[in-house]
Structures are given as structure tokens and as C-alpha cells.
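Mind docking chain H on chain G? Use the hints.
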Amino acid sequence: GAGVSQTPSNKVTEKGKYVELRCDPISGHTALYWYRQSLGQGPEFLIYFQGTGAADDSGLPNDRFFAVRPEGSVSTLKIQRTERGDSAVYLCASKTSAYTDTQYFGPGTRLTVL
Amino acid sequence: AQKITQTQPGMFVQEKEAVTLDCTYDTSDPSYGLFWYKQPSSGEMIFLIYQGSYDQQNATEGRYSLNFQKARKSANLVISASQLGDSAMYFCAMREGRFGNEKLTFGTGTRLTIIP
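Residue numbers (the numbering used here), protein chains in the order written: chain G, 869 to 982; chain H, 60 to 175.
Take the hints with a grain of salt, since some may be wrong.
[As the list claims (entries may be wrong)] Here are the computed lysine to aspartate or glutamate pairs in the EDC-like style, where the Cα-Cα straight-line distance is at most 20 Å:
#1 Lys-963(G) x Asp-85(H)
#2 Lys-879(G) x Glu-103(H)
#3 Lys-963(G) x Glu-103(H)
#4 Lys-62(H) x Glu-912(G)
#5 Lys-62(H) x Asp-969(G)
#6 Lys-963(G) x Glu-155(H)
#7 Lys-62(H) x Glu-155(H)
[What the hints assert, rightly or not] Away from chain H, derived, C-beta distances all over 10 Å, residues of chain G:
#8 Thr-881
#9 Arg-932
#10 Arg-937
#11 Pro-938
#12 Lys-946
[Claimed, not checked] Computed Cβ-Cβ distance ranges for the label pairs, DEER-style:
#13 Ile-174(H) x Pro-929(G): 20 to 30 Å
#14 Lys-62(H) x Arg-949(G): 24 to 34 Å
#15 Thr-970(G) x Asn-126(H): 11 to 21 Å
#16 Ser-90(H) x Pro-929(G): 24 to 34 Å
#17 Ile-174(H) x Ala-923(G): 42 to 52 Å
#18 Arg-932(G) x Ile-174(H): 20 to 30 Å
#19 Thr-875(G) x Lys-75(H): 32 to 42 Å
#20 Arg-932(G) x Ser-101(H): 25 to 35 Å
#21 Thr-66(H) x Ser-895(G): 34 to 44 Å
#22 Glu-74(H) x Lys-946(G): 39 to 49 Å
#23 Thr-881(G) x Glu-120(H): 37 to 47 Å
To be clear, the hints were calculated from the coordinates, so they are not data collected in a lab. No residue lacks a Cβ here, since even glycine has one placed at the ideal position from N, Cα and C.
Just chain G, same shape as in the assembly (with noise of 0.2 Å):
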């Protein structure tokens, strides 16, 4: 079957603007992450949603990042007033319930903010 899928594959946008990256996780998964992967580091976690809420968001590193997944599928993160240490790949994954390990990713977003 289809697996995650992350749009769009790569982001530009000038400092100060605002950017919604989106994802789409594998059909019926209910929990959905979102990771940060900065250059030469392994991806650090972001946000965790089960069904429609917000789970646990402490790893958003401040009030400019934002996500929603309204009605418990597709998410997507919102960037406001990106700055050039936003540039990352931005990761998505999904498994099936809060009662499973295994969490499957997407191939990911490249955001460069100039």
C-alpha cells in the first residue's frame, strides 16, 4: 500500500515569510509525528498527534511552529516568520495506534528559508 507522503519535497522561502508543509500518513494509521532533521543529525521530534489532538508538543522549539490534523488524517505544520535556522528537513511519520512501536516516515520536506 501507499506510505507516508510529505508535500512539497523542497521548500525556498525568504526569511520572514511563512510556510505550511503537509503530510499524509498511511491510510488508518491514528498516530502522526512530525521530526526535524538538521544537517549531520539524526531527526529530533517535533510534535505527536493521536487522532485530531496535539499529544504531546514539546519538542516545538518555540510559538512560530504550529500543526494541526483536523480531522485525524493529514497534517500539516505551520512555519511563521521563518528564520535561516528553520532551513531542515522536516519528517512525517505514522504507525497505527499509541499501542504499536513501529513508526513509519515519509521521505521528508527540505525547507531552505534564504
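Coordinates of chain H only, in the frame set by chain G:
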């Protein structure tokens, strides 16, 4: 302290040889899960293998096995009969606590290069 430590930034291995990628972890929680992911140059994180802290047997998935030494807090990945397609970044990750604490903590990765 780092929760996941991968001490090998890069490794070169001859094709068809076995390779061990090191991972040590740090947690005081008795319940945790350990994962290995492969990230080829395309960028997608591919799940390889999982070990639960209460699992009695070392996990195996095809050519991948996890050498789990709980007392040493190590979870090394062993790839048997390496292939050119195994060249990639490999990340070790941990989920701490019981279900409900969902975040994965990743190490900095090991870049594996298979030499023909």
C-alpha cells in the same frame, strides 16, 4: 548525557562481509523500545528492526539482527553478507517508557559505505 550514542561516524566495509554498527543508550526507565532505521541518500527513513526492553530473544529481520546487551545498555545492529545497496546512514533510536510517551530519540548516525 546523550540518550543514544553512536560512536562510529563512518564505516567502510567490503561487500559480502558482516558489519556491526554500535549503539549505546541511557535510560532509567525499565520499559523502552530500541529501533534501527536506514536513511539512503533519497532521505526517507526506512525501519529495519525493533527490540523491546522485555524481549527475551534478540530481534532478527532477514539479514539484520540486533545484538541486545541489556546490562551494558547496548543495541548493536549486525548486517550479515553486506550488499552495495546497504550503503546509507543508519540511525539508532529509543522510545522510553510505556505507550503514551511516543517520541523517538535518535543518535547522530553512522554512515556505512560498502566497497565492491
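Each hint tested on the structure:
1. At roughly 25 Å between alpha-carbon atoms, Lys-963(G) and Asp-85(H) are farther apart than 20 Å, so this suggested pair is violated.
2. Between Lys-879(G) and Glu-103(H), the direct Cα distance comes to roughly 17 Å. Compliance with the 20 Å bound is thereby established for this hinted pair.
3. This hinted pair checks out: Lys-963(G) and Glu-103(H) have alpha carbons roughly 16 Å apart, not beyond 20 Å.
4. In summary, the hint linking Lys-62(H) to Glu-912(G) is supported, as the alpha carbons are separated by about 12 Å, within the 20 Å threshold.
5. Taking the CA atoms of Lys-62(H) and Asp-969(G), the gap is about 18 Å. The hint holds against a cut of 20 Å.
6. With a C-alpha separation of about 17 Å, the suggested pair Lys-963(G) and Glu-155(H) falls inside the 20 Å cut-off, and the hint holds.
7. Under the criterion of a C-alpha separation no larger than 20 Å, the hint pairing Lys-62(H) with Glu-155(H) is consistent with the structure, at around 10 Å.
8. Non-interface call for Thr-881(G) relative to chain H: holds, since the shortest CB-CB distance, roughly 19 Å, exceeds 10 Å.
9. With a closest Cβ-Cβ approach of about 20 Å to chain H, Arg-932(G) is found to remain outside the 10 Å limit, as its non-interface label requires.
10. No Cβ of chain H comes within 10 Å of the Cβ of Arg-937(G); the nearest lies about 14 Å off, and the non-interface call holds.
11. Every CB of chain H lies more than 10 Å from the CB of Pro-938(G), the least distance being 20 Å, so the non-interface label holds.
12. No beta-carbon of chain H is positioned within 10 Å of the beta-carbon of Lys-946(G); the least distance is around 20 Å.
13. Between Ile-174(H) and Pro-929(G) the CB atoms are about 39 Å apart, so this pair departs from the stated range of 20 to 30 Å.
14. In this structure the hint that Lys-62(H) and Arg-949(G) lie 24 to 34 Å apart at CB holds, the actual value being about 31 Å.
15. The hint said 11 to 21 Å for the Cβ distance between Thr-970(G) and Asn-126(H), and at roughly 19 Å that hint holds.
16. Checked against the hint of 24 to 34 Å, the C-beta distance between Ser-90(H) and Pro-929(G) comes to roughly 28 Å, which is consistent with it.
17. With their beta carbons about 45 Å apart, Ile-174(H) and Ala-923(G) fall inside the hinted range of 42 to 52 Å.
18. Separation of Arg-932(G) from Ile-174(H) is about 44 Å and departs from the stated range, judged on CB atoms against 20 to 30 Å.
19. For the pair Thr-875(G) and Lys-75(H), the beta carbons lie near 39 Å from each other, so the given range of 32 to 42 Å is met.
20. Under the hint 25 to 35 Å, the C-beta atoms of Arg-932(G) and Ser-101(H), about 29 Å apart, fit the expected range.
21. For the pair Thr-66(H) and Ser-895(G), the supplied restraint of 34 to 44 Å holds, since their beta-carbon distance comes to about 39 Å.
22. Evaluation of the 39 to 49 Å hint for Glu-74(H) and Lys-946(G) yields a pass: the beta carbon distance comes to about 45 Å.
23. One distance hint, 37 to 47 Å for the beta-carbon pair Thr-881(G) and Glu-120(H), holds here, with the actual separation near 39 Å.
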